[in-house]
Amino acid sequence: MLLSPTELDVIGLTAALAATTTLILLVLGTPLAWWLAHRRGSASAMVEAVVALPLVLPPTVLGFYLLLLLAPSTPLGQFWEQLTGTRLAFSFSALVIGSVIYSLPFVVQPLQSAFQNLPRGLLQAGATLGATRWDQFRSLVLPLTRRSFIAAASLGFAHTVGEFGVVLMIGGNIPGETQVLSIALYDKVETLRFAEAHRLAGGLVVFSLALLFLIYRNNGPAAWRVRI
Amino acid sequence: MSLTMAVTCQGHGDFCLDLACEIPATGVTAIYGRSGSGKSTLLDCIAGLRNPDAGKISYGDNDWFNGGKPTPPWERRIGYVFQDTRLFPHLTVQGNLDYAGKRAMGPCPMPKDELVSTLGLANLLSQTPDTLSAGQKQRVAIGRALLSAPRLLLLDEPLANLDQQASRECLALLQQLAQGLDLPMLYVSHDIEEVSQLADHLLLLEDGKLQDQGSMLEMSTRLDSRLAREEQAAAILLGEIEAQDNAFSLTQISVEGETLFVNHLDQPLGSQRRLRIPARDVSICLAKPEDSSILNILPVTIQEIETCHSARLLLRLALGEQHLLARITRKSAERLELQVGDKVFAQIKSVALLSEAEDRQ
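Chains as they are written, first to last, in our numbering: chain Y, 1 to 228; chain E, 229 to 589.
Only chain Y is shown next, with the shape it has when bound in the complex (with noise of 0.2 angstroms):
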């Protein structure tokens, strides 16, 4: 086997985080991008504006925050323990949140721009068809930006595996729970094992230009088009 054990851990719990982050980011993202894209005014553009924030910011600041806002002493903070009966500082869970934060642009952003790129008037002909404004979303909507929504949903996952800044503030460095791969990848370089280190780093390199390969190529002319 190429990867021992503690690194496969590494790899499947980085993986379940950027899966559990991209999702939730769909199902939040989608509803906000449509919002932000039919919406004119400054309570939008100061929406749009927090939305943006993480693109900016040191990952530090925003780990920071969150380290703050997640403690067992805040009512966030109660709140979950009495909830799950388990502290969110530290836990899957709060780099969950971090994720979700931290990558929420990449996911609002392309999809915004498809909302607003695609022709209302498709819409319109739709709603004269008979169909409702969520059968219009479902047949009409999601067919024409599923590009988009692809590009959304690899981007997030992949922003997601790269983050290192939020993590190290808030969910620390433990194995199985909240050492992900790029917090590993510190570690091993931080006690020199180089060889080890450059599995991982290099896996990470093979793994994010095939991805972006297959985003750009996806991206292609008229690759909605359904094809028979």
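Just so you know, not all the hints are guaranteed correct.
Each computed SDA-like pair below joins lysine to any residue, with the alpha-carbon atoms no more than 20 angstroms apart [to be verified]:
no., chain 1, residue 1, chain 2, residue 2
1, E, Lys330, Y, Gln124
2, E, Lys516, E, Arg563
3, E, Lys330, Y, Arg138
4, E, Lys330, Y, Val141
5, E, Lys330, Y, Leu142
Among the chain Y residues that face chain E by a calculated CB cut under 7 angstroms, a handful are [unchecked claim]:
no., residue
6, Gly121
7, Leu122
8, Gln124
9, Leu129
10, Gly130
11, Ala131
12, Thr132
13, Pro143
14, Leu144
Note that these hints are calculated values from the structure, not bench results.
Remember, it's a predicted structure, so these values are computed and weren't measured experimentally.
For each residue, glycine too, the CB sits at the ideal point set by N, CA and C.
For chain Y, the structure is supplied; the task is to place chain E on it using the hints.
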């Protein structure tokens, strides 16, 4: 049953649609006006794609808009044929048609197979919209709108983006559908020729206001309507095919007991056709000329005379129950001493047959 509406709807800038009208829920009603007169806004209000600022829209017993929560478009059961077709690019022709069929809230006015063949779509079903010509796209759009089983069909300049040939074919199809289906249609256009071929009723729109309305045949010859003042003003007459003159390749059409000759038309005797006679192609003689090359000379009575220009007059001529328009110079009118009530002869230089359902390939 009828479509009743009284709406105000603020548009861009100064434009404001502000009209009240009752549109009969039978036949084809044309909404005619220049671009920017509010035709499409009106159609969007009827479809529910935009809501007026105030007013009331009801169709039969259904209140679509009445101050409260408007009926959403998907519950109005209207078909809408857009100028830009708005076919769904991710679906094939078949997929576009099925999209409507699946959501239809009643029986389609025509069986699907029959509709597909009438519209000439049978060979296109597996193609995607981006591979179709403009005319084909519009035919798919018409089929899709009909398959949603509408109770009212709205058409917004459906021929505006088509070349001449495609536009003629499409018009013939619409005529065929209008005659064959028991489906009221609202047809928006800025092209008087299209309108005079299709419409039974006419609404004249200008700057968001209703200028005039009435039956197409009557409106075409009313001197006080804006139509008569237009350069291409023409009278629309209804005639019946009476005989074929095969020796000269002409067809005789009877209008109010008089006979008109037109280019040969392969249609059964007794069928009704609309004729379009431009006002500028009609001249007046006091006595019936026997040595003219012009074939169509009708005895008419001058019913109204109106000055439409410093040099020209517009005459409304009665031919039985129907009417012709003639545009002549004021000088000739004075020379011939034309008066209302005079019995004169109208020489007609050209007659255009409308409803010419040409053979489609």
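Going through the hints against the structure:
no., hint, in the structure
1, E/Lys330 x Y/Gln124, "17 angstroms, holds"
2, E/Lys516 x E/Arg563, "17 angstroms, holds"
3, E/Lys330 x Y/Arg138, "14 angstroms, holds"
4, E/Lys330 x Y/Val141, "18 angstroms, holds"
5, E/Lys330 x Y/Leu142, "18 angstroms, holds"
6, Gly121, "5 angstroms, holds"
7, Leu122, "6 angstroms, holds"
8, Gln124, "5 angstroms, holds"
9, Leu129, "5 angstroms, holds"
10, Gly130, "3 angstroms, holds"
11, Ala131, "6 angstroms, holds"
12, Thr132, "5 angstroms, holds"
13, Pro143, "5 angstroms, holds"
14, Leu144, "6 angstroms, holds"
The earlier numbered hints are all upheld by this structure, with none contradicted.
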